[in-house]
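Chain residues, written in single-letter form:
Number of protein chains: 2
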Amino acid sequence: MDKRLDFIFRRRSIRQYQPKVVPKEDVKALLEAGMAAPSASNLQPWHFVTVTDRAKLNSLAAAHPYGKMLAQASLAIAVCGDPKASERYWDQDGSAATENILLAAPALGLGAVWLGCHPRDERKAAIRKVLEIPQNIEILSLISLGVPAETKPSRTQYSPDRVHEDGW
Amino acid sequence: MDKRLDFIFRRRSIRQYQPKVVPKEDVKALLEAGMAAPSASNLQPWHFVTVTDRAKLNSLAAAHPYGKMLAQASLAIAVCGDPKASERYWDQDGSAATENILLAAPALGLGAVWLGCHPRDERKAAIRKVLEIPQNIEILSLISLGVPAETKPSRTQYSPDRVHEDGW
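As given, the protein sequences belong to chains A and B, one line each in that order.
Here numbering that gives the first Met the number 0 is used: the first residue of the first sequence is 0, the next is one more, and so on.
Here numbering that gives the first Met the number 0 is used: the first residue of the second sequence is 0, the next is one more, and so on.
Simulated from the structure, these hints should not be mistaken for lab results.
We treat Cβ as the ideally placed atom computed from N, Cα and C, and that holds for glycine.
Hints may be right or wrong, so weigh each one.
If you anchor each label on the Cβ, the simulated ranges turn out as follows [what the hints assert, rightly or not]:
id: 1; chain 1: B; residue 1: L42; chain 2: A; residue 2: N41; range: 39 to 47 Å
id: 2; chain 1: A; residue 1: M0; chain 2: B; residue 2: R154; range: 45 to 53 Å
id: 3; chain 1: B; residue 1: P152; chain 2: A; residue 2: E164; range: 30 to 38 Å
The list that follows gives simulated cross-link-like pairs (lysine to any residue, SDA-like), each with its CA atoms no further than 20 Å apart [what the hints assert, rightly or not]:
id: 4; chain 1: B; residue 1: K83; chain 2: A; residue 2: W167
id: 5; chain 1: B; residue 1: K27; chain 2: A; residue 2: G166
id: 6; chain 1: B; residue 1: K128; chain 2: A; residue 2: K55
id: 7; chain 1: A; residue 1: K128; chain 2: A; residue 2: H163
id: 8; chain 1: B; residue 1: K151; chain 2: B; residue 2: S12
id: 9; chain 1: B; residue 1: K67; chain 2: A; residue 2: N41
id: 10; chain 1: B; residue 1: K27; chain 2: A; residue 2: W167
id: 11; chain 1: A; residue 1: K55; chain 2: B; residue 2: K151
id: 12; chain 1: B; residue 1: K23; chain 2: A; residue 2: M0
id: 13; chain 1: A; residue 1: K67; chain 2: A; residue 2: T150
id: 14; chain 1: B; residue 1: K55; chain 2: A; residue 2: H163
To be clear about the criterion: a stretch of chain A counts as covered by chain B if any three or more of its residues have a C-beta under 8 Å from a C-beta of chain B, and this derived list gives those stretches [as the list claims (entries may be wrong)]:
id: 15; segment: 7-16
id: 16; segment: 41-50
Whole structure, please, built from the sequences with the hints as guidance.
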C-alpha cells in the first residue's frame, strides 16, 4: 500500500460507536466534503438530510434491513439526488459525494458505514417516510456515523486480476 | 472549509498536463486507491483498464465527446463494472472507486478529470471498441490523468440550501 494514500486506505466500515455527540462543526465539515465531489456538468444534483434526533435515528435503524447500528449512531446522513437536476448522473454524483463523506469521517475522528438504498424501492419508501423526503427526490444512500468503538487496519483490496493494461 | 479535509477539497478537474510519464508505482497506487473503495456486500464488481499507449490515448480522445484532453494525458483509466457480479450496485461501487482515484491523484502529484460514460450507449460503444472490452462488461467512467500543467485552488461547493436537518 502506498503510504501517501493512507487517507484512502484507512476508510473502513465502522458499525460500533461510542455514545458521544458529533460536534456541529464536524457535521458541517462532512457536508463540505460531500459537496466538494465532482458532478456531471457540475450540476450538483444532491441534497443531504442530517439526522441527530434520537427517535429518528432509531426509526431509521428499523427502516433499513442492515441499519441496526443506527440505534447506536449519533449521526446519519441521507444522501439524496434530484433526477430533474441531472437525470442520467444523479446516482453517480451522489455516490462520489457519499464516498467523500466516508473518507472525511476518519480524518475527523469519526467512523462511518454506507447503507445502500437506491435502487431498492422498499428501503427508499421506509426512509422517505421517516425523513419526510418528497416523492420527486431520490434516496441514494444512508450513512451511519459516530465516534468509533472499534478499530480496523488500513487496507487496499488490490487484485492484479482486475487490472487490464492497454486493453482488456 | 475545514482544514483537516484539504485532501478532499484540493481535488479539482485537471485537463492540462505536462508531457511526462506517470511512474509505474503511481499507476499501481491509483489502482490500490480504486480497489480500496467500499462496495455493496463487498462484492468488488470492478475492473480497471489502464492506458498509457499513445495511439490508444489518442483514439480515446476521439471516442469521447469531452475527451480532447486525453491526447495530452499520459494515462487513462477506464473504470468498468461487471453487472453479473453485482447487478444493482456495480455503478455506485464504480463511482466510489472512481472518486478514490480522483482523490489519490493530487496526493501523488497528478491531476485528473472524470469523463462520464455510463449510461450513454454511444460513448460506451466507442470506448469498448478502442479497448476491446467484452460486451458483458459495463464501462462506467474514463479518468484522464497526467502531471498537471494547470493549478486550481481548493474548494468546497457547500450550499446550506442543500442541507435538511432531522427531516426534509
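Quick check: which numbered hints come out false for this structure? Numbers 1, 2, 6, 7 and 11 - these are the hints that the structure violates, sorted from lowest upward.
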